[in-house]
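Engineer: Here's the letter readout for the chains.
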Amino acid sequence: MAVTTAGQTSSQEAAKASFLYRPEVRAVIYQLILLAGIVAFFWYIISNTIINLRRLGIASGFEFMSRTASFDISQTLIPYSAGSTYFTAFMVGLWNTVLVSVIGIVLATILGFIMGIARLSSNWLIARIGTIFVEVLRNIPLLLLLLFMYFAVLKSDLLPQVRNARELWFGSYISNRGINLPAPIFEPGFGYVMLAAILGLALAVGIGIWARRRRLLTGQPFPAFWVGVAVTVAIPLVVAVLMGRPMSFDYPVKGTFNFTGGFVLSPEFLALLAGLSVYTASFIAEAVRAGILAVSKGQKEAAAALGLAPNQALRLVVLPQAARVMIPPLTSNYLSLTKNSSLALAIAYPDLVAVTGTMLNNTGQAVEIILLTMAVYLTLSLLTSLLMNWFNARIALVER
Amino acid sequence: MDTQVAQGTIVTPNAGMNEPLPPPASLVGPLAWLRQNLFSSIGNTVLTILGLLLIYAILKPFLDWAIFSAVWSGPDGSVCRVEGTGACWPFVFAKFGQFMYGRFPDAERWRVNLTYALALAGVVPLMIPSVPGKMWNAVYVFIIFPIMAYWLLTGGIFGLPIVETQYWGGLLITLVVATVGITMSFPIGIILALGRRSKMPLVKWCSIAFIEFVRGVPLITILFMSSVMLPLFLEHGTNPDKLLRALIGVSLFAGAYMAETVRGGLQAIPRGQVEAAEALGLSYGKTMGLVVLPQALKHVIPNIVSEFIGLFKDTSLVLIIGLFDLLGIVQQNMQGDAKWFAPSTPMTGYVFAGLIFWVFCFGMSRYSQFMERKLNTSHR
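Chains as they are written, first to last, in the numbering used here: chain Z, 1 to 400; chain E, 1 to 380.
In isolation and in its complexed conformation, chain Z is listed as follows (with noise of 0.2 Å):
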């Protein structure tokens, strides 16, 4: 009797304990608990937010966006002046951003290629020169690097003052205000020269298919890339000369103390550009390297077998395999260059922090500006992630 109900009991205890330990119910609770501390905090800050700015006296919202800014840009993409509203404001900062960070990226992909190439070269000299350059940059900080390019080189006395700019080519000249170029100036008619170029363009990708078509049907080679670029440049060339050229130039004429005229790339940006550039590239030459170096012998040997000229395996063979294994590094480094491009805000270049943090100073509406700014961040790395992660598909290898 007794040992039947001590089992029962027992039992019925196993059952009740059973339950809470089922994963499932456990499972339950714990995201309860999580859910219950993710409300807790978040009332938590929003609610003393609300009562900091109450006793602030600032009103939370985007109406501040139309009012007027009434501080100055230097360097403007789209029509600005001081009498524009915030979210112009707003959208010349992003512009410079995104400026910076385009050709940032696309000088930092070159440099990169060259060294890390460099660092793969039997040449032992260019092979040395390839790891000095990668093992010193990318082992100091960038923010010291941009101090350093703008404050100790574009903005010291190595470079001449405006009244002794040094002339380059083309009209264009160098001083410690930045390089001034000579600015283009469309005239009408050169819509077709432009027209013509896109004409030219779709032509030598045309010659390009047909080209690899050829190719892969009869194995005869055709220097479809050299064509390509003679085409892209020939046709609007021929336009212009045709349409009388209608392009003219306005050159910078030096002032006591400033250019006129022309077309300006100021300190702040050369600063900007060449640090993050320079960095960046350091990484890049790493990706490319292990890239290079991940293609295992076997591949350029049998190129070399089938009769491929060094730089033919090189193209052929070597890189697209390559290109796998760099496809991730090289845009979680793109990714971190345009973050990176923030820290204009040390020098003054006038990126999308630098205005915002004016925009905050002037409004004090830290809240709103931050997240705005956080939120295109963000979507600039979703977008580029988006695009390198489609870009990684079409070139993956497709295993069985």
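Treat the hints as calculated values from the structure; they're not laboratory data. All of these numbers come straight from a predicted model, not from anything done at the bench. Glycine included, every Cβ here is placed at the ideal spot set by N, Cα and C. Wrong hints could be hidden among the right ones.
Not the full set, but computed from the structure, chain Z residues with beta-carbon under 7 Å of chain E [as the list claims (entries may be wrong)]:
(1) Gln31
(2) Leu34
(3) Asn52
(4) Ile126
(5) Ile129
(6) Asn139
(7) Ile140
(8) Leu143
(9) Phe151
(10) Lys339
(11) Ala346
(12) Met374
(13) Tyr377
Computed cross-link-like contacts, BS3-like style, restricted to lysine-lysine with a CA-CA straight-line distance of at most 25 Å [unchecked claim]:
(14) E:Lys134 x E:Lys286
(15) E:Lys134 x E:Lys374
(16) Z:Lys155 x Z:Lys254
(17) Z:Lys155 x E:Lys95
(18) E:Lys134 x E:Lys298
(19) E:Lys286 x E:Lys204
(20) Z:Lys155 x E:Lys60
(21) Z:Lys155 x E:Lys339
(22) E:Lys286 x E:Lys298
Assemble chain E onto chain Z, guided by the hints.
Structural biologist: Just chain E now, with coordinates in the frame of chain Z:
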């Protein structure tokens, strides 16, 4: 007998009569090395000459600036203002104490040095793989040392005078921010990485949202958020110290990056390990803590070190929110001290700061390469 001998030894014709000829002169010696490595073809020769020109163009002005025409001693900037002088090293010598300790009172600087010594005593044995007792060593480095360092640096206990963080600066701030960021990034990163691989949807999506948000925005916006928005988030009156706010921002940032590194390690662990641990009846905590994480973390030690390098460099960003780390204090001294105004002062300061950062980062990257080699051989 004879056949055995013939099989066992190699009998060469004319054995012992001719000494082997030395290899041709074109294959040995420094000249041959030069020919093979620098002048093997016309293209290579051109590259070598271009490389030499490049090195000359960079090295000559740099050495001239840093050594030959540099100023080595002087009371103030006037000696550096002379036309044609290079680096202004007396600026660095005069300000060295500030660059290292900031405005930490002179009489209390021994506390900073003692903290460094305590840190070295824990970190050096931890980094050498053959030293035993890693477990207690880790307990010292990650739990006991931080408490001691906190007491030593802030004071207010055992009769040590309080030194407020506004007096901290220079390399001290750089090291404090980097060390706290690195130490905090471990627990945060491990929790987030495990959360991201969890089967519970809410845990998983919260972890993903946090990781992707933090990794998608620049560190500088996180620092702005922690320095400008944090006081708004807390109740009125609680006003955390500026350094603490920066530390919170840096820790969250480093944690999100560490999470992805740890996740990489977790993915490298075969499922069989978890299944075997479960079959043995280990709980989730024991499975992770005793079986999975030790293997996963070991896999990614080189990546963890490169995270450290990145974070160490990123600490310089705290100068933007008004803390004077090594770079910040160098910058402040060269722009704010009229006594040392000279054309070459900024470059001298940046080169000095760069050298310090470089030595730390290069040392860490060498260590990571050493660990990578060590771990590689143990797996094969």
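Engineer: Now, for every hint given, state plainly whether the structure supports it.
Structural biologist: Against the structure, the hints come out as follows:
1. Annotation: interface hint on Gln31 of chain Z holds; nearest CB of chain E at approximately 4 Å, less than 7 Å.
2. Interface hint at Leu34 of chain Z: satisfied, since its Cβ lies 6 Å from the closest Cβ of chain E, which is below the 7 Å cut-off.
3. This hint holds: Asn52 of chain Z has a C-beta 5 Å from the nearest C-beta of chain E, less than the 7 Å allowed.
4. Interface hint status for Ile126 of chain Z: upheld, as the beta-carbon distance to the closest one in chain E is roughly 5 Å, under 7 Å.
5. For Ile129 of chain Z, the shortest C-beta to C-beta distance to chain E is roughly 6 Å, which falls under 7 Å, so the interface hint holds.
6. The closest approach between the C-beta of Asn139 of chain Z and any C-beta of chain E is roughly 4 Å, which is under the 7 Å cut-off, so the hint is satisfied.
7. Interface hint at Ile140 of chain Z: satisfied, since its Cβ lies 5 Å from the closest Cβ of chain E, which is below the 7 Å cut-off.
8. Interface restraint check: Leu143 of chain Z against chain E, minimum CB-CB distance 5 Å, threshold 7 Å, status holds.
9. Because the closest C-beta pair between Phe151 of chain Z and chain E is about 5 Å apart, less than 7 Å, the hint holds.
10. Annotation: Lys339 of chain Z was flagged as interfacial toward chain E, and the flag holds, the nearest CB pair being 4 Å apart, inside 7 Å.
11. Given hint, Ala346 of chain Z at the interface with chain E, holds; its Cβ is 6 Å from that chain's nearest Cβ, closer than 7 Å.
12. With a least beta-carbon distance of about 5 Å to chain E, the hint placing Met374 of chain Z at the interface is held under the 7 Å criterion.
13. Proximity of Tyr377 of chain Z to chain E holds as hinted, the smallest CB-CB distance being about 5 Å (cut-off 7 Å).
14. As the CA atoms of Lys134 of chain E and Lys286 of chain E are separated by approximately 19 Å, the hinted pair is consistent with the 25 Å bound.
15. Of the pairs offered as hints, the one joining Lys134 of chain E and Lys374 of chain E holds, with about 17 Å between alpha carbons and a cut-off of 25 Å not exceeded.
16. Restraint check: the Cα-Cα separation between Lys155 of chain Z and Lys254 of chain Z comes to about 19 Å, which is no more than 25 Å; the hinted pair holds.
17. Straight-line distance between C-alpha atoms of Lys155 of chain Z and Lys95 of chain E comes to about 23 Å, which keeps the hinted pair within the 25 Å bound.
18. The straight-line distance between the Cα atoms of Lys134 of chain E and Lys298 of chain E is roughly 13 Å, inside the 25 Å bound, and the hint therefore holds.
19. Distance hint between Lys286 of chain E and Lys204 of chain E is fulfilled; the C-alpha atoms sit about 20 Å from each other, no more than 25 Å.
20. Distance restraint check for Lys155 of chain Z and Lys60 of chain E: the Cα-Cα separation of roughly 22 Å lies within the 25 Å cut-off, and the hinted pair is therefore satisfied.
21. Between Lys155 of chain Z and Lys339 of chain E the CA atoms are separated by roughly 20 Å; this keeps the pair inside 25 Å, and the hint holds.
22. For the hint pairing Lys286 of chain E with Lys298 of chain E, the CA-to-CA distance comes to about 17 Å; that is within 25 Å, so the pair holds.
Of the numbered hints given earlier, the model fails none.
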